[in-house]
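Undergrad: The residues making up each chain are set out below.
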Amino acid sequence: MKIAVPVKFVPDLVEELTIDPSGAALDATWLRLIINEFDDHAVEQAILLKERGGGQVTVMTIQSEGADDFLFAAAAKGADQLIKLTGDFNNANNHALARIYADLLKESKPDLIITGVQAHNDLDGSLGPLLAEYLGLPYVGYIAGLTVTGDKVVARKEYSGGLVAEVEVTLPAVFGIQASEQPPRYIAYSKIRQVMGTAKIEEKPIASLDLSGGTPISRMFQPEVSERATMLEGGTEEVADKLVAIFKELGTL
Amino acid sequence: MSQDIFVVIEHLRGLVSETSYVMLAGARQLSKSTGGNVTAVLLGQNAQDLAKNLAADKVLYVDHAVLAEFTSNAYQVALAGLIKEYSPRAVLLGHSSIGMDVAGGLSVKLGLPVVGSCRTFTADGKFVSQICGGKIMAEGDLPGPTALVTMVPGGYKAEQGKSNQAPALTNIPAPALDGLRVTLKKYIEPDTSDVDISKEAMLVSVGRGIQNKDNIELANELASALGCAVSASRPVVDQGWMPTTRLVGKSGKTVKPKIYLALGISGAPEHVEGMGDSQVIIAINTDPKAPIFNIAKYGTTVDMFDLLPVLTDKVKKAK
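Respectively, the protein sequence lines represent chains F and D.
In terms of numbering that gives the first Met the number 0, the numbers along the first sequence are unbroken and rise by one, the last being 252.
In terms of numbering that gives the first Met the number 0, the numbers along the second sequence are unbroken and rise by one, the last being 318.
Nothing false has been slipped in among the hints.
To list a few chain D residues with every Cβ distance to chain F over 12 angstroms, as calculated: (1) A46; (2) D62; (3) P172.
Straight line, CA to CA, 25 angstroms or less: simulated DMTMM-like cross-link-like pairs of lysine to aspartate or glutamate: (4) F/K151 with F/E50; (5) D/K288 with F/E232; (6) D/K108 with F/E167; (7) D/K31 with D/E84; (8) D/K318 with F/E236; (9) D/K313 with F/E237; (10) D/K257 with F/D240; (11) D/K185 with F/D150; (12) D/K184 with F/D150; (13) D/K198 with D/E188; (14) F/K241 with D/D305; (15) D/K288 with F/D11; (16) D/K318 with F/E232; (17) F/K199 with F/E36; (18) D/K316 with F/D240; (19) F/K241 with D/D286; (20) F/K151 with D/E188; (21) D/K257 with F/E248; (22) D/K315 with F/D240; (23) F/K247 with D/D276; (24) F/K247 with D/D312.
Bear in mind the hints are in silico, worked out from the structure with no lab data behind them.
Since we're looking at a predicted model, the values are computed, not measured.
Note that the Cβ used here is the ideal one computed from N, Cα and C, for glycine as well.
Produce the entire structure from the sequences given, and follow the hints as far as they go.
TA: So this is what it looks like as structure tokens:
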């Protein structure tokens, strides 16, 4: 069984986000990129499937700060093949990314394609369903577990309120992962360093980026807030006293 | 080509989702600038009754056995046919486990643009999307010819999408729905063996800021002093630090306690969807720019690891 995991990197929300002078995009100068956390879960789910039923796991990303470290960590977890697409990815939207990944996957023809269900900066749809349609494959998202039997997969799909549906999908197919069956495993840096000596990242240059299908943005801004929280001033003791007073006032204490 | 706004009604097991009504309210706002009708699109089997309180000008109803419950494959085929035939100005879908399964596929199949995470429409018909965990809003002209829009809740009140008067319903013949590769096997009910967090008067809720499983004990101690339960946001549950039964948000429970004490929760839209209607939200987060402070009544940036032991102590003494 061949499993492919295409991923993307997104701005780290822990850092302050600023708007660039155009007023319609994030300022890339100070942007720190990290792996989309749903994609991290997708890698874990792929490794779990391989451990349970065998197979070959290919993790693919576009070039980005942190891409090599991420790929080597995936290898240390058990990924067999690492692919990094190189070229100019400025202003890449998900339609463009999906087309690039689709070109790669048309050749390798995996049985399962697993990717994160969404990313926090998706504006033109999430990657998985776009990719599925470019490949002419079925897509099911919001997945929190996959069981493969022959050419069928039973996927556990999450709905609001804690309701779960068991959905049967005929392979090949694309799945959007909400959460892997186990939390993404921790890999010690010493183990990643070990892998760096043996694992190889295949670099594949892209010819040019077709940006069609993206959603044009005319303005970006921080949300306007009608009423912000009243901040409780003071040190730990003082804040604790104020909270106790609020609990009492509202009758929960 | 028409100026109508389609709203794809989401329903599971005979219940229309709140998001559907929010979308109808949004569609009404958008239709003021486009000048078209608000058309609800209902796919189902013997589901006509679900249309009766939709605040829409009309309903296009497709009845078919495989549309009885949602599956991505069948919905996509049925919606593609309708969009091609009617060419509405926009199609509103949930930014949800239903809408997001089909919006991308429809975009590629029909060559139409998608707008993700849309929260509101401006008076002149622009979309306003909420991205980057609620930290950034992105605005743009509604792309054409037909914009496929996935909508997050929060921008409109569900009540505005409901009506006492049943809209006119038109039956549309179902397309050929064979050769489908996605089928629903069964639903698994939510686990009810644990405490029901939606019934608690107060919740101490932990987010990513709690850092590790051991630290959850700090929240447990405060909650037991207060006599309430501990709940969590998605990252905490995904790490396996808390069971799914305690999950608040889009894929978890919706809660409306008297006090929601958010510890290290950033306030991403997916979380707010499940707790935004709490009576009083109190946020403890070291990031002064965390979106949670935009919806909280009270807040502090004091480090929770310093605060929690002191607070627990004071709560015990105050009893």
